[in-house]
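There are 2 protein chains.
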Amino acid sequence: MVVKVYGPAYGSTKRVLVCLVEKGIDFETVPVDLIKGEHKHPDYLALQPFGAVPVIQDGDYTLYESRAIIRYYAEKYKDQGTDLLGKTIEERGLVEQWVEVEAHNYHPPIYTLTIQILFASKMGFTADENLIKESEEKLGKVMDLYEERLSKSKYLAGDFFSLADLSNLPFTQRLVSEMGKEYMIRQRKHVSAWWDDISTRPSWLKVKDLL
Amino acid sequence: MVVKVYGPAYGSTKRVLVCLVEKGIDFETVPVDLIKGEHKHPDYLALQPFGAVPVIQDGDYTLYESRAIIRYYAEKYKDQGTDLLGKTIEERGLVEQWVEVEAHNYHPPIYTLTIQILFASKMGFTADENLIKESEEKLGKVMDLYEERLSKSKYLAGDFFSLADLSNLPFTQRLVSEMGKEYMIRQRKHVSAWWDDISTRPSWLKVKDLL
Numbered sequence: 001m002v003v004k005v006y007g008p009a010y011g012s013t014k015r016v017l018v019c020l021v022e023k024g025i026d027f028e029t030v031p032v033d034l035i036k037g038e039h040k041h042p043d044y045l046a047l048q049p050f051g052a053v054p055v056i057q058d059g060d061y062t063l064y065e066s067r068a069i070i071r072y073y074a075e076k077y078k079d080q081g082t083d084l085l086g087k088t089i090e091e092r093g094l095v096e097q098w099v100e101v102e103a104h105n106y107h108p109p110i111y112t113l114t115i116q117i118l119f120a121s122k123m124g125f126t127a128d129e130n131l132i133k134e135s136e137e138k139l140g141k142v143m144d145l146y147e148e149r150l151s152k153s154k155y156l157a158g159d160f161f162s163l164a165d166l167s168n169l170p171f172t173q174r175l176v177s178e179m180g181k182e183y184m185i186r187q188r189k190h191v192s193a194w195w196d197d198i199s200t201r202p203s204w205l206k207v208k209d210l211l
Numbered sequence: 001m002v003v004k005v006y007g008p009a010y011g012s013t014k015r016v017l018v019c020l021v022e023k024g025i026d027f028e029t030v031p032v033d034l035i036k037g038e039h040k041h042p043d044y045l046a047l048q049p050f051g052a053v054p055v056i057q058d059g060d061y062t063l064y065e066s067r068a069i070i071r072y073y074a075e076k077y078k079d080q081g082t083d084l085l086g087k088t089i090e091e092r093g094l095v096e097q098w099v100e101v102e103a104h105n106y107h108p109p110i111y112t113l114t115i116q117i118l119f120a121s122k123m124g125f126t127a128d129e130n131l132i133k134e135s136e137e138k139l140g141k142v143m144d145l146y147e148e149r150l151s152k153s154k155y156l157a158g159d160f161f162s163l164a165d166l167s168n169l170p171f172t173q174r175l176v177s178e179m180g181k182e183y184m185i186r187q188r189k190h191v192s193a194w195w196d197d198i199s200t201r202p203s204w205l206k207v208k209d210l211l
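As you go down the protein sequences, you meet chains A and B in turn. First residue of the first sequence: 1, per the UniProt record's numbering; consecutive thereafter. First residue of the second sequence: 1, per the UniProt record's numbering; consecutive thereafter.
Please note that a few of the clues may not be correct.
It does not matter which identical chain is meant; a pair holds if it fits inside one copy or across any two.
Keeping only pairs whose Cα atoms sit at most 16 Å apart, straight-line, the calculated EDC-like set for lysine to aspartate or glutamate is [what the hints assert, rightly or not]:
1) Lys76 with Glu90
2) Lys4 with Asp26
3) Lys87 with Glu75
4) Lys23 with Asp83
5) Lys4 with Asp60
6) Lys76 with Asp196
7) Lys23 with Asp209
8) Lys181 with Asp159
9) Lys40 with Glu137
10) Lys189 with Asp128
11) Lys181 with Glu136
12) Lys76 with Asp26
13) Lys133 with Asp33
14) Lys181 with Asp196
15) Lys141 with Glu91
16) Lys154 with Asp196
Because the hints were derived from the structure by calculation, they are not lab data.
With the hints as constraints, model all of the structure from the sequences given.
See the structure below:
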């Protein structure tokens, strides 16, 4: 069974794609153009009623929300490919904790930067420089806490690569490359080493430029 | 081993407490006063570096982020108390999906309403009426999608009560009681029946007024 993944060009979807590659699961991608409003088409809303990417179809099974999808595949194929959940329930607890930190602390400011810096003109509005400055400060504070954590363990949830690290890949890649803010990573020694490690994984190199 | 739970008065912490009661796990609570800034105290930051509630201590194990903690206990005590994760990996996938929907779609507007309506004066600022109106509209749209979902299954993830329903309890309770916006629930037939069901569970009645 090949998993069908909608919206491969977008950051949230790339979270799913890199997980599938780590787990050795075959997939095919279906482009969805948010700028053209394809996510508001009735056929798409029948799959994902909130009109967001990604959504996957795996035979009869449909699932949306990127962090739900990666948990599903990491658990379903626990013994195949890279173990992304930790070996014990306590390790998994820490994976969940750091996935939540990514979702609620790291993601909001980096997502705002992405929209304001990369998508404002495509979406027909003028970037808000104050909001950019404020978001960069917020993201910097979260990165300071990542730095402290990564001074104690190689990866966010412990000494193993997990869903928590993987979840940070897509938007941090945009920050480093398209947004020209690599200095935010390089100013922090342990974040910098962690970024070099996770961003050069074969899974990410395979997925990062998929459209 | 009694689980120590910090910040019982707050909505996010009540997500954890109601989970512990459903699972039949003993706990004790440690008050944290956010208005007095107790979450910025070095002792607290040593447990939860982001300065948020809740955090739990279970022997040597410390864990934060409410939705990580509830996943941890639901999995660790899978066969004790109420099963909150579904019977199959596919059911668990849907639980994860709807927990994510609560976190990313339902929670942001209901949290804004909570802060603006209930906490503005305590926190020393004037409530923003436009933001309240806008947040209520956003929440209403999410509730419309809950209504559609709940017309097809008794609970969010399927025909079983799960972490996905439980996660909605604390802030919806405040919306209905302290914020006086019960009409948002009553305008929607299936949401209304679902709310009557989940908000009268013995676990919630035990936890909702804990301080």
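Hints versus structure:
| no. | hint | result |
| --- | --- | --- |
| 1 | Lys76 with Glu90 | between (19 Å within a copy, 9 Å between copies) |
| 2 | Lys4 with Asp26 | within (9 Å within a copy, 44 Å between copies) |
| 3 | Lys87 with Glu75 | both (12 Å within a copy, 14 Å between copies) |
| 4 | Lys23 with Asp83 | within (8 Å within a copy, 28 Å between copies) |
| 5 | Lys4 with Asp60 | within (11 Å within a copy, 42 Å between copies) |
| 6 | Lys76 with Asp196 | neither (29 Å within a copy, 34 Å between copies) |
| 7 | Lys23 with Asp209 | neither (19 Å within a copy, 44 Å between copies) |
| 8 | Lys181 with Asp159 | neither (27 Å within a copy, 47 Å between copies) |
| 9 | Lys40 with Glu137 | neither (33 Å within a copy, 19 Å between copies) |
| 10 | Lys189 with Asp128 | neither (30 Å within a copy, 41 Å between copies) |
| 11 | Lys181 with Glu136 | within (9 Å within a copy, 36 Å between copies) |
| 12 | Lys76 with Asp26 | within (14 Å within a copy, 31 Å between copies) |
| 13 | Lys133 with Asp33 | neither (29 Å within a copy, 30 Å between copies) |
| 14 | Lys181 with Asp196 | within (15 Å within a copy, 49 Å between copies) |
| 15 | Lys141 with Glu91 | neither (25 Å within a copy, 37 Å between copies) |
| 16 | Lys154 with Asp196 | within (12 Å within a copy, 47 Å between copies) |
Violated hints for the displayed structure, listed by number in ascending order: 6, 7, 8, 9, 10, 13, 15.
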